[in-house]
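Order-wise, the sequence lines are chains B and W.
Counting in the numbering used here, the first sequence runs from 1 upward without gaps.
Counting in the numbering used here, the second sequence runs from 449 upward without gaps.
No wet-lab data here; the hints were simulated from the structure.
Do not take every clue at face value.
Using 20 Å as the maximum straight-line C-alpha spacing, the simulated EDC-like pairs for lysine to aspartate or glutamate come out as follows [claimed, not checked]:
hint	chain 1	residue 1	chain 2	residue 2
1	B	Lys358	B	Glu97
2	B	Lys247	W	Asp738
3	W	Lys1024	B	Glu234
4	B	Lys349	B	Glu234
5	B	Lys432	W	Glu666
6	B	Lys180	B	Asp72
7	B	Lys347	B	Asp84
8	W	Lys472	B	Asp226
9	B	Lys313	B	Asp332
10	B	Lys303	B	Asp46
11	B	Lys94	B	Asp84
12	B	Lys432	W	Asp470
13	B	Lys247	W	Glu666
14	B	Lys347	B	Asp377
15	W	Lys472	B	Glu234
16	B	Lys86	B	Asp270
17	W	Lys1024	B	Asp226
18	B	Lys352	B	Asp321
19	B	Lys303	B	Glu97
20	B	Lys432	W	Asp597
21	B	Lys358	B	Asp226
22	B	Lys423	W	Asp470
23	B	Lys347	B	Glu430
24	W	Lys472	B	Asp270
25	W	Lys913	W	Glu1017
26	B	Lys352	B	Glu430
27	B	Lys247	B	Asp293
28	B	Lys423	B	Asp321
29	B	Lys180	B	Asp226
30	B	Lys124	B	Glu51
31	B	Lys180	W	Asp470
32	B	Lys29	B	Glu97
Residues from chain B that keep clear of chain W, each with C-beta distances beyond 12 Å, as calculated [claimed, not checked]:
hint	residue
33	Ser33
34	Ala131
35	Ser196
36	Asp270
37	Val343
38	His354
39	Ser435
40	Ala441
Where a beta carbon is used, it is the ideal one built from N, C-alpha and C, also for glycine.
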Amino acid sequence: MKRITSVAAVLMLISAGASAKLTADESKKLGTSLTAVGAEKAANADGSIPEYTGGITQAPAGYVAGSGSRIDPFAAEKPLFSVDGKNAAQHQEKLSEGTRAMLQKYPSYRLDVFPTHRSVALPKAALDRTAVVARTADTSDGGASLVNASAAIPFPIPHNGSEAMWNHLVHYQPACTQLKFSAYFVEQGGRANLTSSVEGWLQAPYWQEKSTADSNVYLRLRLAYDGPPRRAGEALMLIDPVDYAQKGRRAYQYLPGQRRVKLAPDLAYDTPNPATAGASTFDEVYLFNGAMDRFDFTLVGKKEIYVPYNAYKAVYQSTSDQLLKQNFLNPDQVRWELHRVWVVEAKLKPGKRHIYGKRTFYLDEDSWVVLMSDEYDARGQLFRVGTALMAPEYDAPSPAADTHIHYDLTSGAYGINVWPGAKGWIRMTECKSESAWSPDALAAAGVR
Amino acid sequence: MAAIFAVSRPAAAFDTDFGGSDFKVRWDNTMRANLGVRTTAPDPVIGANPAFSAGEYSFGRGGIDTSRLDVLSELDAQWQGQIGARASFAGWYDLAYQNHAVKIDPALAAAGIPSGYGPNGSGLSDYALNRYRGPGGEFLDAFGWARFDLGSVPVTVKAGRHSIYWGESLLLGGAIHGVAYSQVPLDLIKGFANPGTEIKELYRPLGQISANAQLTPELSISGQYFLEWQSYLYPEAGTFAGPADFAFNGPYGQFAKLGPNSFYFKNGGANESRKHDWGTALRYTPGFVDGTVGLYYRHYADKLAAVLLVPNPGGQGPMSPTLNSPLQYQQFYGEGVDLAGLSYARQIAGISTAIEAAYRYNTPLQAQALGLTTPPAAGLAPVLFPNGLPRLIGNSYQARGDTLHLVANALGTLPPSMLWSIATWNIEATYSRLITIRDNQDMFFGMGYGVCRSTPQLSGAGLAKNKNDGCATENQAGLGASFTPTWYQVFSGVDLLMPLNGSLTYWGNSPVTLGGNAGSGTYSAGLGADIRSTLRLDVKYIGFFGNTLDNGKMVTSSNGLLSLLKNRESVVFTAKVTF
Chain B
1 MKRITSVAAV LMLISAGASA KLTADESKKL GTSLTAVGAE KAANADGSIP
51 EYTGGITQAP AGYVAGSGSR IDPFAAEKPL FSVDGKNAAQ HQEKLSEGTR
101 AMLQKYPSYR LDVFPTHRSV ALPKAALDRT AVVARTADTS DGGASLVNAS
151 AAIPFPIPHN GSEAMWNHLV HYQPACTQLK FSAYFVEQGG RANLTSSVEG
201 WLQAPYWQEK STADSNVYLR LRLAYDGPPR RAGEALMLID PVDYAQKGRR
251 AYQYLPGQRR VKLAPDLAYD TPNPATAGAS TFDEVYLFNG AMDRFDFTLV
301 GKKEIYVPYN AYKAVYQSTS DQLLKQNFLN PDQVRWELHR VWVVEAKLKP
351 GKRHIYGKRT FYLDEDSWVV LMSDEYDARG QLFRVGTALM APEYDAPSPA
401 ADTHIHYDLT SGAYGINVWP GAKGWIRMTE CKSESAWSPD ALAAAGVR
Chain W
449 MAAIFAVSRP AAAFDTDFGG SDFKVRWDNT MRANLGVRTT APDPVIGANP
499 AFSAGEYSFG RGGIDTSRLD VLSELDAQWQ GQIGARASFA GWYDLAYQNH
549 AVKIDPALAA AGIPSGYGPN GSGLSDYALN RYRGPGGEFL DAFGWARFDL
599 GSVPVTVKAG RHSIYWGESL LLGGAIHGVA YSQVPLDLIK GFANPGTEIK
649 ELYRPLGQIS ANAQLTPELS ISGQYFLEWQ SYLYPEAGTF AGPADFAFNG
699 PYGQFAKLGP NSFYFKNGGA NESRKHDWGT ALRYTPGFVD GTVGLYYRHY
749 ADKLAAVLLV PNPGGQGPMS PTLNSPLQYQ QFYGEGVDLA GLSYARQIAG
799 ISTAIEAAYR YNTPLQAQAL GLTTPPAAGL APVLFPNGLP RLIGNSYQAR
849 GDTLHLVANA LGTLPPSMLW SIATWNIEAT YSRLITIRDN QDMFFGMGYG
899 VCRSTPQLSG AGLAKNKNDG CATENQAGLG ASFTPTWYQV FSGVDLLMPL
949 NGSLTYWGNS PVTLGGNAGS GTYSAGLGAD IRSTLRLDVK YIGFFGNTLD
999 NGKMVTSSNG LLSLLKNRES VVFTAKVTF
């Protein structure tokens, strides 16, 4: 009898390796040696990354409730040290490829490294459900679709690259958010051009307890442009399904003047994003979004690297004059910390087309959000460097690294997107009615 | 003093929140400067015909055919996204029409033949001057809107002057053959000056009340009731893109010879419709069809004219007593058309595709330009009108019948490559055919009817026409397309674009006005620069093509009026800025 059990256990392990479901042993780790979402609970060897103690779950004193413009709870801290081109070699192991290249290319590029705070927190319900859902969650169609999962981190212990990326795609966020943000393109000469000024609504049916939406939809985004003047009145809507392999993204564009909505299937993959004057692709919004079918994703392992973290100052306090400097964000405004990240490498599948041949993603262990990306062109040259600014929404609580930057190493120009800055905000709101998410509702909402 | 001048930002544009974000006001202004140079010399064969002379001779080769400044000012105000108002104002001024004398073929002028604007060398009429030279201006949008929930149903209501355009059509061909035909009058002055212009730039809003209710997340219903009617805006006689000297609202009349006698047909103006159009649409986006299905019903009056000859009691005209005007021509707009339509849009292989089908019941059919509604001589009555004299039906003498129209389009992008950063494209095919004729059949300018019959009597009177003169054929099919490769950041802050546009009726003549004539079309090829998302510069080569008939000295007939523009090629420089 005992023998039969152990054979069954072995079989289970094998099948788990292939189908990626969590084993009993792995399950036990969650909430003990690992946090509920699968991060290492303990501090690192030298204590520079502290133990995870649940993150910040309450807004600090001084935060105006509901404002969605978050103050920096660590504003009083001073940097521990700085990394620049001169001392980069000493920190080589703790830098992403992209950061190394930036330091090498720009003598004045600098990382001000602050004490690490594992500030990301998720609501208890999400953590509890992760323990349950993780046993059944799976992918299908070679990783392209997510199955048997909702309202949970599907793969707290990922077995392959696409599982880790699914954790990023469906990372925790409040069910409904309203955003006011800008996008800029900064020319190589340093001139910053406003490319979009947007009010947006984001809904995560994946995380809604009782969603009436199509259960296959995990994210819905509706953006209304009010700037620059030429774009005022434009609007778009994206609907992303968990079953990409079957249905794929639905994107709709409202056309001012016509007061009509057209399907816009091109708002995906490597279509240049006009929000950053083409300095990044559509699937680089949030460093990665959309379908994974053009790449093979490999889980490389974990690393400790410097990433922008608790970057409240850059996300919510800086003005464009303060933040957007020539070639890169003003280093005085950006807080970096040492964090553990999962490294996922994506290689273009044979027969598929994309401007990038290889991409490396660095996923925050506490939130699963991609914080850095290295984008290589078809010849294998590092082409663009993606950076997201983590600034958790402690009032929710929720992780958030919506603001992201893409540096073009060839031209020296860069784009920043989903940046609230001093004038914008990201607020939790009541959810719009289901009727608001139809293409005709998008048309009816148009005035121009 | 210096401090004052240091504030050099344009103060005009503003975007203001009053009292938090409850009350918002936006004011944006777009300025566009156009400079056009004709690249072809006037064609003496086209210009020898007194009906086509002033347009052909409007500008010489190298002449500046437009030097125009357009301003579009848009003001939006809203409170909490629940209630708001919008007004837009367009203004224009064109130096090319400053002191512009109407010229015709020197031989015609020497013979004392007048142009559409009277004696050779006289100026444009007040109407044409206002539309072309300016300074002119008009309000386009002027409406209020409100959004509220009726129970759990979100409702949007708009009242005032605005445009609503249903269906899925993209280009001018789709605007004529789609479910939205005549739903919005189009500005063809702008459309002809700039082939490939998106139709949205051509809309002329009309006073109406419209409403949309999202009944369920999948189903929405819309309705509109018009309070006013307006025709399309036409390219006028004697201007660069004016195809015919008698048309439309600008000229005073048209010189004509009937037998040995010369006349000057008087321009009798437009018979405007006073009817109220209305329509309703259902749009359904269920998961199982993976797309949007639309059903439409509209009741409307035509907004494209049939220009027909009617008697001119008293015979007095603008050139009397030198030339009498026994006949006058007027624009007729048929009323009481019922349109039933269907649309379906879906995504196929990463491409946005759509089809539309429209059935027009009792629609006015294609009529001959300057077609006769009464026999010029008593003996010709049975020859021209074997089925009896045409009657005025719903404000027009046109033949009435049913037509079927199909539109299919697709738009997409070509991915980044060695050749471009991105390339956008669209293509639209149209098809139309006559289903049945219901009334006034002799007025139908279609093969086998009226003057489009080859009877010995018609031929003997020199009145017989065929498909080369524009007589409608059984079927018509046309195609429009555009392709725009874009290169990002060619220079710092500068994107380059190369917009290429073309349209062609490749098969048959349509049974409806402006539905397309075989072999006629437009093209444009340009190069544009988008500077810092603010300033757009363009240079475009623009031309038309089509088929005309001539006797070696003079064009005697053309397949469609558009074909007469086949020699009006030009290069247009445009600068556009929004602030």
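A quick look at each hint next to the structure:
no.	hint	in the structure
1	B:Lys358 x B:Glu97	holds, 13 Å
2	B:Lys247 x W:Asp738	holds, 9 Å
3	W:Lys1024 x B:Glu234	holds, 18 Å
4	B:Lys349 x B:Glu234	violated, 35 Å
5	B:Lys432 x W:Glu666	holds, 15 Å
6	B:Lys180 x B:Asp72	holds, 19 Å
7	B:Lys347 x B:Asp84	violated, 30 Å
8	W:Lys472 x B:Asp226	holds, 11 Å
9	B:Lys313 x B:Asp332	holds, 10 Å
10	B:Lys303 x B:Asp46	holds, 14 Å
11	B:Lys94 x B:Asp84	holds, 13 Å
12	B:Lys432 x W:Asp470	holds, 18 Å
13	B:Lys247 x W:Glu666	holds, 17 Å
14	B:Lys347 x B:Asp377	holds, 11 Å
15	W:Lys472 x B:Glu234	holds, 17 Å
16	B:Lys86 x B:Asp270	violated, 35 Å
17	W:Lys1024 x B:Asp226	holds, 19 Å
18	B:Lys352 x B:Asp321	violated, 41 Å
19	B:Lys303 x B:Glu97	holds, 12 Å
20	B:Lys432 x W:Asp597	holds, 12 Å
21	B:Lys358 x B:Asp226	violated, 35 Å
22	B:Lys423 x W:Asp470	holds, 16 Å
23	B:Lys347 x B:Glu430	violated, 40 Å
24	W:Lys472 x B:Asp270	violated, 36 Å
25	W:Lys913 x W:Glu1017	violated, 29 Å
26	B:Lys352 x B:Glu430	violated, 41 Å
27	B:Lys247 x B:Asp293	holds, 12 Å
28	B:Lys423 x B:Asp321	holds, 13 Å
29	B:Lys180 x B:Asp226	holds, 10 Å
30	B:Lys124 x B:Glu51	holds, 19 Å
31	B:Lys180 x W:Asp470	holds, 15 Å
32	B:Lys29 x B:Glu97	violated, 31 Å
33	Ser33	holds, 43 Å
34	Ala131	holds, 32 Å
35	Ser196	violated, 9 Å
36	Asp270	violated, 6 Å
37	Val343	holds, 26 Å
38	His354	violated, 8 Å
39	Ser435	violated, 4 Å
40	Ala441	violated, 5 Å
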